Amino acid sequence: MLAQNILLTIYYYNLSGYPLTLLEVTKFLFGSSKPRPQLVLEQLDLLIGQKRLKQWRGFYFLPGQRKLVWRRLKIQKLAIGKRKRLKKILRGIRFIPFLRAIFLSGSFNIDNAGPNSDFDFLVIVQKKRLWLCRFFLSLYVWLLGWKRTGQKTSNRVCLNCFMTQDQLKITSQIKPHDRHSAQEYARLLPLFGPGSLLARFQRENSWLRAFVGRYPWPTKPNFLQIKNPRWVRGIKKTAEQLLDILGARFWESWLGRLQKRRIRATGPQDQIYCSDHCLMLHPSSKAFFFLRRLEKIRQKLIL
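So the sequence shown is residues 206 to 508, counted in the working numbering.
Hints listed in this document are in silico derivations from the structure and should not be mistaken for laboratory results. Keep in mind that a hint or two might mislead.
Cβ-Cβ distance ranges computed for the label pairs, FRET-style [to be verified]:
hint: 1; residue 1: Asn219; residue 2: Leu429; range: 24 to 32 Å
hint: 2; residue 1: Ile285; residue 2: Lys491; range: 55 to 63 Å
hint: 3; residue 1: Lys465; residue 2: Pro399; range: 27 to 35 Å
hint: 4; residue 1: Arg469; residue 2: Met206; range: 26 to 34 Å
No more than 25 Å apart at the CA atoms, straight line, and that leaves these computed lysine-lysine pairs for BS3-like [stated by the list, open to error]:
hint: 5; residue 1: Lys293; residue 2: Lys491
hint: 6; residue 1: Lys491; residue 2: Lys333
hint: 7; residue 1: Lys293; residue 2: Lys357
hint: 8; residue 1: Lys282; residue 2: Lys292
hint: 9; residue 1: Lys279; residue 2: Lys293
hint: 10; residue 1: Lys357; residue 2: Lys289
hint: 11; residue 1: Lys279; residue 2: Lys357
hint: 12; residue 1: Lys352; residue 2: Lys272
hint: 13; residue 1: Lys357; residue 2: Lys441
hint: 14; residue 1: Lys465; residue 2: Lys272
hint: 15; residue 1: Lys465; residue 2: Lys357
hint: 16; residue 1: Lys289; residue 2: Lys352
Model, not experiment: these values are computed from the prediction. We put the beta carbon where it would ideally sit given N, CA and C, even for glycine.
With the sequences and hints as input, model every part of the structure.
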């Protein structure tokens, strides 16, 4: 079973053009178990001896995929410029009213973002203010030319996931509980907001452990995370109080109806979840592709 999970994990990341190190294989390993790194290494050596895997420069990949190592090394150089761009975007975003936290998802949180890749955000907002916060955030990034639109994706912001801070559990109605979703949410990287929100997200989504046994893994220094000093919090609190006086409850309701109508008129509904507590937009999701390919390789491994 361990050998099968190792092969599935490496195959999954190879589909994204990403070879894994020993630490990453151990960390992202499919399944609910938590084998010791030494045991994982022994299985990797065995699979290499069976010519089912290859290893070069400390990276593990499928036979015939050595080019992925060069790709990863090249993309890591691109990540330096992308990090600077992201931090520039975040410095202004932290002032957005009713915004409580931002987590980075997608390929960039493992430095696997190509030159045309965007920044995928999971945005946590104050309860009963999802649509108002989404409006301000979308307007801000659009005015500055940072919003992903059509084919313009490079270094732009993709605002496809919103949740209110009082309901952080991703149920099976919101997103299917499968290997792909588990990997996406297990790798979330905090960019802004209190650590308590990430800790609560991890507790409320313990279902991830059934697919990623080592979740949640120990936190490491995160140089992308920006501070939220007292003076920033003070300005934002004042703006929020002013908006409450000016009818934030009315504008939340009105903007909610407007945005829901627009969302439901576009894109396949099976990849959209829309409520006043959670918004998930994945009209171009690769989840189905990854899961189909994984199931095929799993069936071959069983046989």
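(message) Just to be careful, I want the Cα atoms of Lys279 and Lys357 compared with a cutoff of 25 Å; is the pair within it?
(response) Within the cut-off at roughly 22 Å; holds.
(request) With a cut-off of 25 Å on the C-alpha distance, tell me whether Lys279 and Lys293 pass. (result) holds, 23 Å
(message) Range first: 55 to 63 Å. Now tell me if the beta carbons of Ile285 and Lys491 are that far apart.
(response) violated, 26 Å
(message) With the threshold set at 25 Å, check whether the alpha-carbon distance from Lys491 to Lys333 stays at or below it.
(response) Roughly 31 Å between the alpha carbons, so the hint for Lys491 and Lys333 is violated.
(request) Take the C-alpha atoms of Lys352 and Lys272, compute the straight-line distance between them, and say whether it is at most 25 Å. (result) The hint is violated at about 32 Å.
(request) Starting from the range 27 to 35 Å, see whether the pair Lys465 and Pro399 falls in it by beta-carbon distance. (result) Check passed, 29 Å falls within 27 to 35 Å.
(message) Between the alpha carbons of Lys282 and Lys292, is the straight-line distance 25 Å or under?
(response) holds, 17 Å
(message) With the threshold set at 25 Å, check whether the alpha-carbon distance from Lys465 to Lys272 stays at or below it.
(response) This hinted pair is violated, its Cα atoms lying about 44 Å apart.
(request) Starting from Lys289, check that the Cα of Lys352 is at most 25 Å away, please. (result) holds, 17 Å
(message) Given the hinted pair Lys357 and Lys289, is their Cα-Cα distance within 25 Å?
(response) Roughly 19 Å between the alpha carbons, so the hint for Lys357 and Lys289 holds.
(message) Next pair to validate is Lys465 with Lys357; report whether the Cα-Cα distance is within 25 Å.
(response) Roughly 24 Å between the alpha carbons, so the hint for Lys465 and Lys357 holds.
(request) Check the following: the C-beta atoms of Asn219 and Leu429 are separated by a distance inside 24 to 32 Å. (result) holds, 25 Å
Of the hints listed earlier, those the structure fails to meet are numbers 2, 4, 5, 6, 12, 13, 14, in rising order.
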